[in-house]
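Student: Chain by chain, the residues run as shown.
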Amino acid sequence: MKKLLVDAVVISNEAVIPAVWKMVLWAPEIALCVQPGQFVAIRKSGGITFLRRPFSVADADPEQGTITLIYRLVGQGTAEMAAMHADEHINVEGPLGTGFSIRQGDKALLVGGGVGIAPLIFLARKLDRPVLLIGGKTAEETFWSEFLEPYAEKIYITTDDGSVGRKGFTVQALPDILAENEITGISTCGPMIMMQGVAEIAAKEGIPCEVSMEKRMACSIGVCLGCTFAGKSSGKRYKVCADGPVFPAEEVF
Amino acid sequence: MKKLLVDAVVISNEAVIPAVWKMVLWAPEIALCVQPGQFVAIRKSGGITFLRRPFSVADADPEQGTITLIYRLVGQGTAEMAAMHADEHINVEGPLGTGFSIRQGDKALLVGGGVGIAPLIFLARKLDRPVLLIGGKTAEETFWSEFLEPYAEKIYITTDDGSVGRKGFTVQALPDILAENEITGISTCGPMIMMQGVAEIAAKEGIPCEVSMEKRMACSIGVCLGCTFAGKSSGKRYKVCADGPVFPAEEVF
Amino acid sequence: MDKKRMALEFAGIKMKTPVMGASGTFGFGLEYADFMDINGIGAIISKGITPKPRPGNAGVRVAETPAGMLNSIGLENPGVEAFKTTILPKIKTIDTPLIVNISAGSAEEYGELAAELDVDGVAALEVNISCPNVREGGIVFGTKPEAAASVTRNVKLHTSKPVIVKLSPNVTDITCMAKAVEDAGADAISLINTITGMAIDIESWQPLLGNITGGLSGPAIKPVALRMVWQTARAVKVPVLGLGGISCWQDAVEFLLAGASTVAVGAYNFVNPRAVEEIAEGIDAYLARKGISQVSELVGQIKV
Amino acid sequence: MDKKRMALEFAGIKMKTPVMGASGTFGFGLEYADFMDINGIGAIISKGITPKPRPGNAGVRVAETPAGMLNSIGLENPGVEAFKTTILPKIKTIDTPLIVNISAGSAEEYGELAAELDVDGVAALEVNISCPNVREGGIVFGTKPEAAASVTRNVKLHTSKPVIVKLSPNVTDITCMAKAVEDAGADAISLINTITGMAIDIESWQPLLGNITGGLSGPAIKPVALRMVWQTARAVKVPVLGLGGISCWQDAVEFLLAGASTVAVGAYNFVNPRAVEEIAEGIDAYLARKGISQVSELVGQIKV
Ligand SMILES: Cc1cc2nc3c(=O)[nH]c(=O)nc-3n(C[C@H](O)[C@H](O)[C@H](O)COP(=O)(O)OP(=O)(O)OC[C@H]3O[C@@H](n4cnc5c(N)ncnc54)[C@H](O)[C@@H]3O)c2cc1C
Ligand SMILES: Cc1cc2nc3c(=O)[nH]c(=O)nc-3n(C[C@H](O)[C@H](O)[C@H](O)COP(=O)(O)OP(=O)(O)OC[C@H]3O[C@@H](n4cnc5c(N)ncnc54)[C@H](O)[C@@H]3O)c2cc1C
Ligand SMILES: Cc1cc2nc3c(=O)[nH]c(=O)nc-3n(C[C@H](O)[C@H](O)[C@H](O)COP(=O)(O)O)c2cc1C
Ligand SMILES: Cc1cc2nc3c(=O)[nH]c(=O)nc-3n(C[C@H](O)[C@H](O)[C@H](O)COP(=O)(O)O)c2cc1C
Ligand code: FES
Ligand code: FES
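For the record, the sequence lines run as chains A, B, C and D. Residue numbers for the first sequence follow the numbering used here, so the first one is 1 and each next one is one higher. Residue numbers for the second sequence follow the numbering used here, so the first one is 1 and each next one is one higher. Residue numbers for the third sequence follow the numbering used here, so the first one is 1 and each next one is one higher. Residue numbers for the fourth sequence follow the numbering used here, so the first one is 1 and each next one is one higher.
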């Protein structure tokens with residue numbers, strides 16, 4: 001898939017909760033070809049940050065020509081993003097990387113934690129009503145279900161404090177969910193510790209599992225070798241930005 | 001005079017002609033105490049430029065709490081300024097330096113060229129209907145008379161191409177103007193070559209003359225010594241940013 | 001773009017423009033094919049190749065800094081064998097000179113590596129004696145004139161290709177290094193590599209980079225690179241490839257004026273993947289405006 | 001601000017905070033009185049003082065660069081005599097240690113200058129052997145260990161004040177310079193001075209600075225400064241004053257973790273004339289959040 005470099009227009013940019021924002025960009029060429037799990041690398045020209053910032057595409061609407069990013073405020077770059085207004089321009093490089101291996105017909109379980117849930121929205125939309133398991137620290141962090149509802153068969157929620165859904169971590173809820181549903185494939189994105197737990201259970205149950213990784217990136221297109229790792233089972237050197245960010249679980253854990 | 005550091009609010013910011021812009025800032029503390037010939041050093045926080053940029057105060061309205069800057073688009077910093085909108089904030093350090101020695105009662109002639117005319121607007125307002133001589137390259141560059149008219153007794157204009165006013169340089173018009181008016185003091189701001197010509201004629205005629213200098217500045221408050229020069233008659237080391245920018249002509253030429 | 005105006009020969013390598021992609025920031029060139037016509041650029045300088053495959057350094061390897069970045073990749077690469085069998089055949093399809101950047105652990109190894117790369121499809125060798133991110137090889141050769149000279153001699157002995165020696169800026173006197181490698185037979189000199197720097201995570205109290213220190217590059221270092229290029233171009237007779245912080249055609253023109261015959265873009269490729277092409281276009285337009293008919297006429301024209 | 005938490009003694013100088021204004025960027029301190037309480041800061045380091053008055057370099061002396069600036073002031077100053085008679089009496093009114101930065105043309109002259117400044121109101125001397133902008137003095141002493149040691153010895157011989165030697169980053173091995181001046185008796189080491197750089201006006205083809213080259217400072221050089229501070233703090237026993245690109249309290253904390261006992265703010269004073277005070281406040285709040293009762297407990301705590 002050809003990588004594009006476009007000046008996208010901010011259509012909307014607003015806080016979902018104070019710490020997590022949603023930006024909709026008009027970038028029709030990218031909206032047309034991006035696949036779930038792929039990401040874009042963005043930069044405000046004339047901004048203070050130097051490197052581009054990678055963000056998963058949380059949704060894409062080829063008809064409207066828009067892509068959606070959902071981002072957590074972390075540092076300078078995301079603060080700069082949050083300060084942007086509609087009609088401003090932002091430079092977008094994408095689609096980048098290799099996304100999820102979509103399995104139409106599979107009964108898929110998507111497991112997400114934190115902003116790792118973002119790419120699962122886009123994935124859920126492309127699948128046939130998958131089951132979702134999402135985790136957050138508090139009730140506030142479970143706003144994601146609102147984005148997922150249109151596409152999900154069921155949404156399981158866990159919170160660390162038990163304020164919404166089941167109390168505890170996502171991984172703890174997994175065995176019950178696998179018992180309740182006949183899952184034939186798992187895609188997961190979130191903290192490494194969470195994905196590792198998911199991958200272990202999936203391996204034990206013999207369910208194919210893919211995980212979406214995050215690494216510090218400089219180039220996002222496979223030239224700087226900032227983001228590489230050795231595949232656990234193959235020993236192969238992978239670039240997260242180009243060969244991933246989505247990998248078979250057995251190559252990561 | 002105490003130097004202040006304030007976050008000013010952009011009230012308006014618009015092109016006067018494509019290459020010269022006018023920015024009105026709400027900065028009441030500065031508006032209250034700034035004197036003609038003094039300047040401010042500004043910086044957009046989160047902007048791409050590193051050092052502050054020095055600009056003469058082209059006008060100040062203590063009642064409205066505003067100061068006006070008139071600036072020519074030169075490079076990155078002024079481009080960044082021109083991109084600013086009303087209600088945005090810009091950090092302003094000022095008032096800085098030592099301005100014109102206002103001579104109420106004098107019959108003053110103010111001679112300006114290019115954006116050097118900016119501080120003369122503020123000066124003209126504070127004086128008792130001075131005579132003005134301004135020079136520009138073309139008719140387009142003589143928009144200044146519109147800002148000066150309310151305060152000036154007379155405005156002489158020269159253009160390089162003769163499209164408005166007298167054809168030629170300001171200096172060439174000076175002898176006639178001195179003949180027509182009984183001038184007791186001259187203040188000038190503009191290109192060095194122009195100010196030098198003015199100073200020479202003033203010296204010959206025995207009219208006190210002061211000139212406003214421009215030098216690359218890093219600190220604008222007299223600590224970096226980026227902007228110093230040796231006084232021509234005294235030999236004294238001057239800092240343009242602190243001892244000036246306005247100096248007696250005999251110290252400069 | 002006026003092809004005649006921009007074409008030049010650098011250390012015997014024929015180039016369409018004086019602007020190249022710098023080692024370690026340009027992959028093997030193909031990665032940029034989506035963004036520009038990689039058949040129209042000056043040259044591709046490959047990621048550093050070593051005798052054996054290297055996984056590079058552990059931990060975080062890249063970090064942003066004001067107007068720049070730190071990297072501590074540690075010369076990850078598949079080794080010369082895999083380079084020749086799997087990568088080189090693909091790049092051969094590109095009609096742009098490929099300069100192979102090489103690193104090794106001893107002067108002898110540098111020579112052997114050069115011999116292995118004395119093959120079709122390689123336009124020249126860029127000898128990296130300046131990688132701050134590896135223990136053996138790299139930086140020791142880049143800070144000792146005799147060591148640098150010995151590497152240069154060994155490489156020259158084992159190759160028929162033009163040899164460009166890449167200097168480290170982490171030295172007291174760059175001209176002393178430059179003269180040493182010139183005397184040892186270098187056909188050209190490229191500079192600068194990255195300046196050693198570091199960053200600390202103030203929450204964990206650990207260095208941000210797994211390797212503790214890393215190499216600083218990007219616009220932040222441009223004034224230092226330009227100064228060293230100017231000093232070097234005055235000190236040696238061989239042509240100079242200038243790089244370090246170039247982000248726009250204006251930067252490139254500064255390097256040419258300072259005495260660089262050609263330039264390369266490094267970290268800024270990550271910011272603008274079209275930089276190499278756009279900078280060449282900008283230089284061409286500048287030359288046209290200035291009425292200069294050949295880019296080489298600009299080289300070293302600084303008025304001091 | 002918790003006074004007890006922030007107070008410290010550095011090379012025998014009692015300071016209220018570890019944050020000072022760096023030489024050449026802080027005037028003689030009084031210039032910042034409108035912006036902050038200059039009686040509450042760590043120390044004022046004066047502009048470089050020389051035996052005789054100096055007009056400095058001709059032409060343009062300051063230029064902006066990405067995240068930094070170049071300067072080629074060339075040690076303009078009124079000379080030690082005028083400093084003592086007209087400036088020192090004014091600064092004595094401030095209840096903040098004044099460290100006088102000195103430069104001279106020979107080791108002997110450094111000694112004589114130190115003797116002249118062995119007077120009331122001077123808390124310590126910072127010996128600048130690293131000014132890149134003057135021909136005589138400055139940089140030659142800063143790149144040769146023996147020369148640096150000889151300057152240090154001469155200064156120590158002629159003063160009763162603590163002697164801080166300020167190192168140049170324009171060297172291959174900073175620890176070698178640091179050890180040389182430590183062995184010669186330096187009570188503390190400060191680093192870094194500016195990194196030599198340049199810029200060219202692409203319209204006139206002339207160097208932007210009158211002096212051709214200048215010293216690069218500001219956030220752009222912070223990673224390099226931090227690396228050198230870390231290397232030096234590990235190599236010597238005397239305390240280190242860290243500076244180079246500090247713009248916020250987070251930067252200052254990095255320097256402290258890297259092993260600097262105190263820090264100074266240079267070029268960033270021009271951007272934020274309240275920086276010295278705000279950075280001290282930021283460090284204090286950080287210490288409070290981390291439950292650290294004394295700033296000195298942070299020094300050198302990097303986990304490598
Ligand atoms: C493939 C991929 C997809 C991502 N998708 C999303 C998403 O959909 N939503 C979202 O909120 N975040 C996502 N992230 C993380 C996001 O890139 C970082 O949060 C963001 O770069 C932080 O930038 P900053 O300037 O605000 O933070 P700073 O900490 O100031 O950034 C400093 C540097 O560190 C890098 N960095 C900081 N945190 C991370 C991180 N967690 N991962 C990678 N690099 C980091 C930045 O890119 C930058 O180079 C993704 C990361 C990757 C690699
Ligand atoms: C006391 C004083 C008062 C001034 N008043 C005005 C005014 O009222 N209106 C106006 O249009 N301009 C004025 N100038 C000039 C104005 O400061 C510069 O045009 C402006 O800084 C250019 O910034 P830039 O980033 O757009 O240009 P760049 O060329 O990108 O700036 C690069 C660097 O050079 C400096 N610089 C560039 N041109 C000048 C210059 N002519 N003088 C001093 N420094 C310069 C900048 O400050 C910056 O540090 C004044 C300058 C001084 C010293
Ligand atoms: C991620 C990265 C990897 C690099 N790898 C190499 C390398 O393998 N060999 C080499 O000689 N230089 C390498 N460099 C140095 C660059 O080629 C260049 O000399 C340096 O980055 C300065 O140029 P810049 O400021 O334009 O990036 C690398 C630089 C970066 C940023
Ligand atoms: C304008 C200017 C003048 C300077 N003058 C001196 C000086 O006289 N003596 C000295 O030791 N250092 C001098 N320096 C160096 C600074 O003290 C400091 O070491 C350097 O700028 C790095 O710190 P920074 O990046 O915070 O500016 C000067 C720096 C600047 C920017
Ligand atoms: S981020 Fe550069 S190779 Fe992946
Ligand atoms: S600009 Fe710093 S002394 Fe004038």
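Treat the hints with caution; some may be incorrect.
Stated by the list, open to error - If you anchor each label on the Cβ, the simulated ranges turn out as follows:
#1 P18/A x D2/C: 26 to 36 Å
#2 V140/C x E14/B: 17 to 27 Å
#3 D2/C x D161/B: 30 to 40 Å
#4 D34/D x H89/B: 18 to 28 Å
#5 E14/B x R129/A: 46 to 56 Å
What the hints assert, rightly or not - Heads up, simulated SDA-like pairs for lysine to any residue below, C-alpha to C-alpha not over 20 Å straight-line:
#6 K303/D x E203/C
#7 K52/C x D161/A
#8 K92/D x P145/D
#9 K16/C x A288/C
#10 K44/B x E88/B
#11 K44/B x R274/D
#12 K90/D x V119/D
#13 K52/D x G111/D
#14 K90/D x N13/B
#15 K44/A x E64/C
To be verified - Sample of chain C residues with no beta-carbon within 10 Å of chain D, all distances over it, derived:
#16 A33
#17 P55
#18 G56
#19 A67
#20 P78
#21 G105
#22 E109
#23 G121
#24 S160
#25 D187
#26 T196
#27 S204
#28 G218
#29 K222
#30 E254
#31 Q294
By construction, these hints were calculated from the structure, which means they are not laboratory data. Because the structure is a prediction, the values reported are computed rather than measured. No residue lacks a Cβ here, since even glycine has one placed at the ideal position from N, Cα and C.
Student: Hint by hint, note whether the structure agrees.
Tutor: Consistency of the hints with the structure:
The given range of 26 to 36 Å is broken by P18/A and D2/C, whose C-beta atoms sit roughly 55 Å from each other. Range check, V140/C to E14/B: Cβ separation about 60 Å, and the 17 to 27 Å hint is violated. In this structure the hint that D2/C and D161/B lie 30 to 40 Å apart at CB holds, the actual value being about 34 Å. In this structure, D34/D and H89/B meet the distance hint of 18 to 28 Å, their C-beta atoms being roughly 21 Å apart.
The supplied range of 46 to 56 Å is met by E14/B and R129/A, whose beta-carbon atoms lie about 55 Å from each other. A C-alpha spacing of about 11 Å is found between K303/D and E203/C, which places the hinted pair at or below 20 Å, so the restraint holds. In summary, the hint linking K52/C to D161/A is not supported, as the alpha carbons are separated by about 51 Å, beyond the 20 Å threshold. Taking the CA atoms of K92/D and P145/D, the gap is near 35 Å; set against the 20 Å cutoff, the hint is violated.
Restraint check for K16/C and A288/C: the C-alpha separation of about 16 Å stays at or below 20 Å, so the hint holds. Under the criterion of a C-alpha separation no larger than 20 Å, the hint pairing K44/B with E88/B is consistent with the structure, at around 9 Å. Only pairs whose Cα atoms come within 20 Å are accepted, and K44/B paired with R274/D is accepted, the gap being roughly 16 Å. Note on K90/D and V119/D: the hinted pairing holds, with a Cα-Cα distance of about 14 Å set against a maximum of 20 Å.
A C-alpha spacing of about 14 Å is found between K52/D and G111/D, which places the hinted pair at or below 20 Å, so the restraint holds. For the hint linking K90/D to N13/B, the alpha-carbon distance of about 43 Å lies beyond 20 Å, and the restraint is violated. Note on K44/A and E64/C: the hinted pairing holds, with a Cα-Cα distance of about 15 Å set against a maximum of 20 Å. Listed as a non-interface residue, A33/C keeps its Cβ farther than 10 Å from every Cβ of chain D; the least gap is roughly 29 Å.
At the 10 Å boundary, the C-beta of P55/C stays outside the reach of chain D, the nearest C-beta of that chain being 21 Å off. No beta-carbon of chain D comes within 10 Å of the beta-carbon of G56/C; the shortest separation is about 19 Å. Chain D draws A67/C into its interface by the beta-carbon criterion, the shortest separation being 4 Å against a cut-off of 10 Å. The non-interface label for P78/C is consistent with chain D: the shortest C-beta to C-beta separation is roughly 29 Å, beyond 10 Å.
With a cut of 10 Å on Cβ distances, G105/C stays outside the contact zone with chain D, its closest approach being about 20 Å. Distance check on E109/C: its Cβ is at least 23 Å (rounded) from any Cβ of chain D, clearing the 10 Å threshold; non-interface status holds. Look at G121/C: its CB is around 36 Å from the nearest CB on chain D, clear of 10 Å, so calling it non-interface holds up. Listed as outside the interface, S160/C is consistent with that label: its C-beta sits roughly 33 Å from the nearest C-beta of chain D, beyond the 10 Å cut-off.
With a cut of 10 Å on Cβ distances, D187/C stays outside the contact zone with chain D, its closest approach being about 25 Å. Some Cβ of chain D comes within 10 Å of the Cβ of T196/C; the nearest lies about 6 Å off, and the non-interface call is violated. The beta carbon of S204/C is not kept farther than 10 Å from every beta carbon of chain D, the shortest such distance being approximately 7 Å. The beta carbon of G218/C sits about 8 Å from the closest Cβ of chain D, which is not more than 10 Å, so the claim that it is off the interface is violated.
Distance to chain D contradicts K222/C as a non-interface residue, since its nearest Cβ pair spans about 7 Å, not more than 10 Å. With a closest Cβ-Cβ approach of about 4 Å to chain D, E254/C is found to fall inside the 10 Å limit, against its non-interface label. With a cut of 10 Å on Cβ distances, Q294/C stays outside the contact zone with chain D, its closest approach being about 16 Å.
The structure fails to meet hints 1, 2, 7, 8, 14, 19, 26, 27, 28, 29, 30 from the earlier list, while all remaining hints are met.
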